[in-house]
Each structure stands twice: as C-alpha cells, then as structure tokens.
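Undergrad: Listed below, chain by chain, are the residues.
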Amino acid sequence: MTKVIAEELAKKQRAISVSEFFTKNRHLLGFDSPTRALLMTVKEAVDNSLDACLEMKILPEIKVILKEITESRFNIVVEDNGPGIIKQQIPNIFAKLLYGSKFHSLKQSRGQQGLGISMSVLYSQLTTGKATKIISKISPNKPAHYYELQIDTKNNEPKILKDQTVDWDKDHGTKIELEIEGKYLKGRQSVDEYIKQTAMANPYAQITYLNPQKEKQVYKRVTEILPKEAREIKPHPHGIELGNFIKMMHDTTSNTLSGFLQKDFSRIGAGTAEAVLKEAKLQGNNPRKLDDKETEKLFNTLQKTQIMSPPTDCLSPIGFELLEQSLKKQLEAEYYVSITRKPDVYRGNPFLIECAIAYGGNIPQDSTLRLVRFANKVPLLYQQGGCAITESVLDTNWKPYGLQQSGSNMPVGPAVLVVHMASVWVPFTSESKEAVAHYPEIIKEIKLALQECGRKLGLYIRKNIRAKEQREKAGLFENYIPELASSISNLSGDNKSEIENDLKKILKKHIKNILGENEDENQQVRE
Amino acid sequence: MKTNKSENNLKELGKDLSKQIKKGKDPSLTFTLRGLTNIVFDKKTKSLSLGNKKLMRTFFNLAHAKKFLQTIEIASVSKNLIKEEKHASLRDAFYQIKRTIPNTKVNIVDEQPESDKAIEDLEVITGLSREQLNFNANKNGSVAGRVVISDKGDTIDWSKLGSGGWSIPSNVEDIKFKKVNAKYILYMEKAAVWERLHEDKFWEKQNCIIISSQGQTTRGIRRLLQRLSEEYKLPIYILTDFDAWGFYIYSVIKYGSIALAHLGSKMTIPTVKFLGITANDIEHYGLNKHLIKLNDKDIARMKQIMDYEWFKDNKDWQEQFKLMKKMGAKAEIQALSSRGISFISEEYLPEKIKKKDFLD
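Line order of the protein sequences matches chains A and B.
Mapped onto my numbering, the consecutive letters of the first sequence carry residue numbers 1 to 527.
Mapped onto my numbering, the consecutive letters of the second sequence carry residue numbers 1001 to 1360.
Quick caveat, the hints were computed from the structure, so don't treat them as lab data.
Remember, it's a predicted structure, so these values are computed and weren't measured experimentally.
There could be a bad hint or two in this list.
Straight-line alpha carbon distances no greater than 30 Å define the calculated DSBU-like cross-link-like pairs of lysine-lysine that follow [stated by the list, open to error]: (1) B:Lys1083 x A:Lys468; (2) A:Lys214 x A:Lys183; (3) B:Lys1043 x B:Lys1053; (4) B:Lys1139 x B:Lys1015; (5) A:Lys496 x B:Lys1083; (6) B:Lys1043 x A:Lys505.
From just these sequences and the hints, can you work out the full model?
TA: See the structure below:
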C-alpha cells in the first residue's frame, strides 16, 4: 500500500520553476492588489531606468505614460535616455526571472534581486495575455531593436514573439510598454505620489509624467551634477549569513582558504586571515574541500574575530542641500531643515541616514506629520507601520521641537518629514521592499538624525511663535487699559477716564521698551 | 473695625497705583515672593513662614499684564463685597471676574486656579487674609462632640446634629465657643472613618471632639483646630493613612504649608501629635495582609517628605520612613476594619490614646 502511495506522490513531485513559484506567490513581490500592481510595474521600470543612466553617467530623462484602457486595464510606457541594452541581452533582462548582475555584488543600488522588471512582464502576461514591447538603442550609429516578449514559465526562459530592427529618433535609451490589469487611485500610495517622491529623491533626474486622467507633470531637475557614484564593495565577514558564505566558498576563484578570505571579503588582510585560520585550526586548505563542520567552524571564528568596519565611502547620499532644494521645489513651506549623517555600519553593512523637514506655509496645520520614506533613493509607499523609520519617528519626543504629540503617536503639526536610508544592503522586512527592518544600529542613527533636525526646527518655531505672540500681546495692552482703569478707579475713588488716558500715554511713550522687554515671569528686585 | 481695616488697605492699594500712573510710571505691585525659594522654617515657632525675597509685578510687561489685571480685578471685587457686607466663595469670585476683554479673544481668567492665585497674591500684597477680604472657601469637613457654639446669632450644639455633624465653614473667626466639654480632639483624614466613629458615638464614650476633612485640611479646619487648641488647651491627635500623603497632612497641620506660608504661625499648631496609622500599628494589630504596594509616586513623595527639615532629625519619624521602605507598602486607615467594623472605635483608638502611643 505505502509503496503505491509513494509512487503516486513521486509522479506528482517535480521541481517547479522560479516563474511558476512567483506566479503563485506574486504577493511576495508586492503584486497582491490591482492598485499595487500598477504602482510596482511603474516603479520597477523607473528604478531600472534611473540605475542604467547613473551607471553610464547620463543625466536621466524619463517619461512615464499611464493610459486607461478600461477601468481595470492599463497601458504603461516608461522611456529613458539611458545607455540602452545590447540586442542579445534584451530577452534575458526582461523575460527571465532572477537574471541580473546586482545579486552578487554589494553596492548601493535600487534593485537587488533582478526580479523586478521581469516580474512585471510575467504579471502582464498572466493578467492580460499580452506581450511586453521593448525598444532599445545603444548608440546613434546603431539600429534600435524592437522585441515583443513573454516568459516561458515552465523553464524560466524568454519567449520571443517578435524581433525587429526599427527606426527610433533617439541617440540611445530604452522604452518598455506593458499592458496589465490594475487600478488607478489617487492619494498617498498612488503612482502620482511615487513619481513625485522619486523626483524628490533624484534631483538630477527630469521626469515627465502623464497620468490616466491626462494630467501632465514635468519634474525638472534641480541640479545638473550627477551624484557621486556608489562604489561596489566586497561583503564584510560580519554581515554575511552562513548560507551565502557557503556559496561564496564554492564560487571562489582562490585555491587557498587564506586567499579566499583576503580576496572575497573586505577588511581581511594576510595577518587577519592567518589568525582566523589558526584559531579555527584550518590551514591552507582548498576552500572547496572543507566539510560542513569545518565550514561552520570557519564561519563562527570569523564572526568572533574583531575585524575593522567596512569602508563607508562607497555610499551615495542624496545630499542634504539637494534634498532641501527638492523639498522647496515641491512644497511651499515656511522653514526647511536637512542633514546628512556620517555613515555607520550595521552587521558589516555600511549605511547612512539623511533627514529633512519642511514646516509651515501651505502644509496643512492640524493634521499629523507626513512622513516620506526613502531607501536607496526609492520611495517607500506601503507598510509604513512596520518600518524602522516609522518606529524611530514615533519613538522620538517631538514636543521639545515644537510639534504636538500625544504619547508615542505620530506628531501633529504643519510638517513634512523626509528620511532616506542609503546602504549597500538595505534590510527590508520582505521581498516587496517597502519597510526597513528593525536593526538597533539603524534606529539609533535615524533617531539621531531626527533629533538634529528637530532641534533646529524647535528653535525656529519657538523664535517665530514668540515673535507673533509678542505682536498680538502688544495690541492687547490697549484693550487691557480700560479694564485696569475701571478697577483702579473703583479702588481709589479717582476718575476713571483720567487713569485711562494716563495709561495710554505711558503705553505710547514706552511701546518699544515694552515689546522688547524680557519675559521673565516675575522680576526679583531685592532680597 | 476689621471691615474698616480691609477697606482702607484696598483703598490705599488703589491710591498708590493711581499715583504711579499719574506720574507716568509703569504701575507696579511689590510683594513678598511666595514659593519654595522663599520659604523659611522658623525653628523657634516651629512653623513655615515667608522669607524676605520680594517680587515686583508691573502692568506694562508682556508676561505680567494679565496677572496684574487679575489681581486688581479681584481687589475691586473684594472692595465691593466688603462695602455690601457680603461674602463670596472662591467659585463666585472666579465668575465675578471671568469675562472676555472687549476687542480681544482673551478672558481675564479661564480657570478657577487663576483667580484663586490672584486672591492669594492679594493676601500677600495687602497683608489681609482671604476671610478678611470677604472670600470664603467651600465648606469642607464635619465635626461632632460636646460643644456648643454661637455662629451669627444661632446657637449650635455639636452633639445634636444627627448623622452629618456640623459642617465646618471656611471662616471660623467669628464663631464663639459657649461650652467645650472634651478631653482631646481627634482629627482624621477620611470622612468615612469619621462617619464610623460618629455612628459608634465615639466622641460621647471617649469625651472628645472628632473632626474630619476630605483629604487635605482646609484653612477653616486648621483655624478651628488651632482655636480649640489655644483657647481650651485641648491636645490634638491626627489619624491618617500610613503613606506619604497622610504624613504630609500631619506635617501641614503641625508646621504649616508652602502655599500658605504667608500666613505664618497663624495657621500652625506645634502641639499636635500623630496617632496613626504607624508602622508599629501594622505589626501590632496584624494588618500585614492589607498592605498596598508602594508605587513610584509614593516613593518619590516619601523621599521628599523624609528630607523636610522638621523630619530630617526626628528619629521616630525616620524610623517610620525606614520601616515603610522596608515593607515597600502603605496602608489605609480602613485596614483596621479587617479586625471588625468597630475595631477602630472600640479597641484601636482607646488603646492607643490610653497608652499615649503617639509620634511627635
């Protein structure tokens, strides 16, 4: 009996391809609702465009067009002036999951797994059955290539439906066009908001956006200078997990353990390598020949060994001046403050925090503070509640900084708060990459950034509110005088209007003194 | 006579301000600073009084103007009351000056504590007590015992007032004692305990006077205690919960309070003794099961009180604080009820008083 069942089961058991897996688990990547699917598709395409431009040091010019076909079906076009993609790679990049160069490197970048854009292609094909159209051109002297692609989900291989050479009046760039099932909404989690925030975090990019209601927005660049390029670094031994460690050991080109440690990790020199190997009682072996126990021993020894923190000059911040300029362009506030913190390290990964606040002006008075979160210059629109940035904001006492706050709630006041985390590896809570995980080192840095901005904001608010109150109070004296005169007249029996007139004279004569007066509650005159 | 003095003081205040204004000077009030930084403990009279630090409050000052106006408004209300021979409660006084100043959004007062404070300021400025300014606090507290008094022409017998006893008015200056037949006065923090003792006819059996308040001791009660203590030399025993707040009630009656330091020894009764509940009572009467754990506030308050000048060097009291800390707990008077509803009146109090088991 048992044997038969086992045989039956064996027939059903087979490896499922990554494509099949993600078909069934698309929520893991953020494609769980029609609204979010629309956003994710735009987001993946725009992220790719920005990364491609930066890599080739091109000032990005990106066009995003959303067209409504029916209420639940949309056509999305994203076009950039990036370096383009060579013909042979186009199908793999767009129609093969987990294809990409970023996965094995540690470098501050938007995408990490190479899942994004091909996931959109898969989603398009699943919901509409349509193929994705790509045009790409790498140089004015080369032709543009046009592809229509789908994914062969069983084998995770591109299915090429059309492959042509076409004319395209652009020097270089890539254009992607997809049709998906989706839903267009306005508000905090909309595509409109995503584009707006992306422009804020990427002040060197020009983004033109046409939404389904045919409203056109052009976000002009604030600067012509491209940001400092993020440098690729090797993993730090304290930031790696055992699984990846084993994989690195397997993939290494070194033939000795010492060589492997020195070449494939940052901050390990010959001395450290020898010390680690001695401690782990492993000498000179071929990394591929270690057994499980030895591997784990080596891994654990590495974790225990003191190793210099990784280099932190590999990060590319937005820059506090630019962040502030971006805010000024998008918001009519009364006061702006921004800072970029020095880099720090969590679990062997360098990161840095930037923060900016816009206060007053046209920002609504009595609502809660609006929090805008960025990770590696990508806006985070979902899962605000589960994000370390949000936790840090709630855990900060905003009252001394002039905002209202009850308990550990979101502070209230006319303010927009922007927090950006840049890192070679942003620890997200899930694959949909919408919330930063709660590492104490990260939360500490965010809070320090918030406090630094907060103190400056508080200073401004106190100074200005005080000035405003002073002006109002000056006017009050005039109204206080008749009241005081009447009471003194009642007490003394002297004529009321005489007292009133005399008081008015005193006010007129000393008005400047009175307003400049210090505001000690009571002046002590003598002991 | 008294009325005249009050009226004159207020008129002087008005004349003084009027003169300053005529001379083109920013009108100012100078008075003794009330507050922690200007409190002196007089070891001779054993009472808190104000030091010599003075404050000046001027009208043409952004921070002072409203308070200045409040004080003068209150003075004006007081003058009218005295003239009409009427009295107003603190609440009345608040409503008399509460109004919006024309052309502004500012109210002269928004909350009663503001007018209460203005009255206290006026007391310091004029050297007159609240009662002399014709302001009365709310009635608070009950008294029973073999005492006959006359109050505004009415004769009142404290032993014949049913279950409620006589309500103590805020001003007891004008009452006259016609007959006082008691060996001592028992003052307690809680009305519920008073009711118990009254129902058990404790004052009759023990030949004493029982007085209660609801929480803090009001001025009227303190003055009544003081008059009975001075005029009839009656010893006073205090019964409160075993906690920092209870100890403070005792401390206020004996040594005075920071808020009323300007009244100095007029309010303090250095001869009062603390009857209970003490740490030893808890042990002796087996109240251990009815302890309540100290919270952070209790501990903080205890630490403050421990360091009061008059407790600091008092071995008996320091012992109490030490034991409370050790127990990590407090107890209410009502814990005694665990031994029987009338245990307090039939055993606890008679025994304590007989043994003269007091703290000083």
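Undergrad: It remains to establish, for every hint, whether it holds in the given structure.
TA: Quick rundown of the hints versus the structure:
no. : hint                  : verdict
1   : B:Lys1083 x A:Lys468  : violated (43 Å)
2   : A:Lys214 x A:Lys183   : holds (16 Å)
3   : B:Lys1043 x B:Lys1053 : holds (19 Å)
4   : B:Lys1139 x B:Lys1015 : violated (35 Å)
5   : A:Lys496 x B:Lys1083  : holds (19 Å)
6   : B:Lys1043 x A:Lys505  : violated (50 Å)
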